[in-house]
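Engineer: The residues making up each chain are set out below.
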Amino acid sequence: DGGITQSPKYLFRKEGQNVTLSCEQNLNHDAMYWYRQDPGQGLRLIYYSQIVNDFQKGDIAEGYSVSREKKESFPLTVTSAQKNPTAFYLCASSTGRGTEAFFGQGTRLTVV
Amino acid sequence: KQEVTQIPAALSVPEGENLVLNCSFTDSAIYNLQWFRQDPGKGLTSLLLIQSSQREQTSGRLNASLDKSSGRSTLYIAASQPGDSATYLCAVRTDNNNDMRFGAGTRLTVKP
Numbered sequence: 029d030g031g032i033t034q035s036p037k038y039l040f041r042k043e044g045q046n047v048t049l050s051c052e053q054n055l056n057h058d059a060m061y062w063y064r065q066d067p068g069q070g071l072r073l074i075y076y077s078q079i080v081n082d083f084q085k086g087d088i089a090e091g092y093s094v095s096r097e098k099k100e101s102f103p104l105t106v107t108s109a110q111k112n113p114t115a116f117y118l119c120a121s122s123t124g125r126g127t128e129a130f131f132g133q134g135t136r137l138t139v140v
Numbered sequence: 031k032q033e034v035t036q037i038p039a040a041l042s043v044p045e046g047e048n049l050v051l052n053c054s055f056t057d058s059a060i061y062n063l064q065w066f067r068q069d070p071g072k073g074l075t076s077l078l079l080i081q082s083s084q085r086e087q088t089s090g091r092l093n094a095s096l097d098k099s100s101g102r103s104t105l106y107i108a109a110s111q112p113g114d115s116a117t118y119l120c121a122v123r124t125d126n127n128n129d130m131r132f133g134a135g136t137r138l139t140v141k142p
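Order-wise, the sequence lines are chains A and B. Using my numbering, read the first sequence as starting at 29 and increasing by one per residue. Using my numbering, read the second sequence as starting at 31 and increasing by one per residue.
Keep in mind the hints are simulated off the structure, nothing from the lab. No experiment lies behind these values; they were computed from the predicted model shown. Each residue gets a CB set at the ideal place from its N, CA and C atoms; glycine is no exception. Each hint should be verified, as a subset may be incorrect.
Once the Cα atoms are required to be at most 25 angstroms apart in a straight line, the calculated DMTMM-like pairs of lysine to aspartate or glutamate come out as [unchecked claim]:
1) A/K85 - A/E52
2) B/K31 - B/D97
3) B/K72 - A/E100
4) B/K141 - A/E97
5) B/K98 - B/E33
6) A/K42 - A/D58
7) B/K72 - A/D82
8) B/K31 - A/E128
9) A/K85 - B/D97
10) B/K31 - A/D66
11) A/K37 - B/E33
12) B/K98 - A/D82
13) A/K99 - A/D87
14) A/K98 - A/D87
15) B/K98 - A/D66
16) B/K31 - A/E52
17) A/K37 - B/D69
18) B/K98 - A/E90
19) B/K31 - A/E100
20) A/K37 - A/E100
21) B/K72 - A/D87
22) B/K72 - A/E128
23) B/K31 - B/D69
24) A/K99 - A/E52
Covered stretches of chain A (in silico footprint by chain B; criterion: 3 or more residues with CB under 8 angstroms from a CB of chain B, positions within the stretch not fixed) [to be verified]:
25) 63-77
26) 126-135
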């Protein structure tokens with residue numbers, strides 16, 4: 029089936045650790061996005077990538093890093109510099125600017 | 031910077047009622063607007079995409095309208111059902127960027 033797969037579904041991070049969230053799509057989409065969702069708030073953009081080997085910071089990029097070495101994959105690393113990482117993280121993709129965006133099922137990250 | 035607002039934040043209706051959800055945005059130079067549904071703890075499911083040149087889109091019991099000049103979109107749900115209970119989010123894509131700006135959502139409860 030075509031779609032976007034995020035893994036893991038739940039992730040626990042200890043203080044001072046870096047963790048990486050996986051996002052894979054088999055829709056042949058060029059653009060991919062990472063959003064953070066906190067209770068009662070809208071989605072906030074962390075990073076987005078329009079093509080392979082290129083990505084741009086969103087509104088809340090501090091403490092996060094990404095790579096886009098393959099069209100299908102856009103992993104997000106939450107570094108120890110992110111002081112409040114507990115949130116629901118959503119990955120999305122689309123073919124281009126004017127087209128419909130599709131989302132994965134999300135990863136819930138908790139600091140323990 | 032584009033700001034997206036959704037009112038009301040929460041809505042509770044009896045089954046069978048027709049209802050309207052509202053989305054407003056501050057910058058009318060949009061490329062498109064997309065409505066999503068989100069169930070608790072899940073990712074976003076795309077409902078309707080309206081391009082900036084369109085006035086409305088329909089899918090089943092859902093109808094979304096767009097008035098770009100006034101910075102408003104509405105999502106009309108006909109003959110609501112308990113299965114429609116979810117959070118509904120709108121997202122706007124601007125002309126200058128490929129990122130999507132989200133409202134905080136309207137949490138809909140349809141009571142049997």
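Engineer: Is it true that the CA of A/K37 sits at most 25 angstroms from the CA of B/E33?
Structural biologist: 30 angstroms, violated
Engineer: Given the proposed pairing of A/K85 with B/D97, does the C-alpha separation stay at or below 25 angstroms?
Structural biologist: 30 angstroms, violated
Engineer: Check the hint pairing B/K98 with A/D66 against an upper bound of 25 angstroms on the C-alpha distance.
Structural biologist: 28 angstroms, violated
Engineer: Quick one, are B/K98 and A/D82 close enough, alpha carbons at most 25 angstroms?
Structural biologist: 31 angstroms, violated
Engineer: Within a Cα-Cα threshold of 25 angstroms, do A/K37 and A/E100 meet the stated pairing?
Structural biologist: 19 angstroms, holds
Engineer: For B/K98 and A/E90, compute the direct alpha-carbon distance and say whether it is at most 25 angstroms.
Structural biologist: 33 angstroms, violated
Engineer: Taken at face value, is the distance from the CA of A/E52 to the CA of A/K99 at most 25 angstroms?
Structural biologist: 9 angstroms, holds
Engineer: Mind checking the alpha carbons of A/K99 and A/D87 for me, to see if they're no more than 25 angstroms apart?
Structural biologist: With Cα atoms ~23 angstroms apart, A/K99 and A/D87 stay inside 25 angstroms; holds.
Engineer: Would you check the hint for B/K31 and A/E52, treating anything up to 25 angstroms between C-alpha atoms as holding?
Structural biologist: Status violated; Cα separation ~30 angstroms.
Engineer: For a C-alpha distance cap of 25 angstroms, please report whether B/K141 and A/E97 respect it.
Structural biologist: 48 angstroms, violated
Engineer: B/K31 and A/D66: Cα distance at most 25 angstroms?
Structural biologist: With Cα atoms ~20 angstroms apart, B/K31 and A/D66 stay inside 25 angstroms; holds.
Engineer: For a C-alpha distance cap of 25 angstroms, please report whether A/K85 and A/E52 respect it.
Structural biologist: 20 angstroms, holds
The earlier numbered hints that this structure contradicts are 4, 6, 7, 9, 11, 12, 15, 16, 18, 19 and 23.
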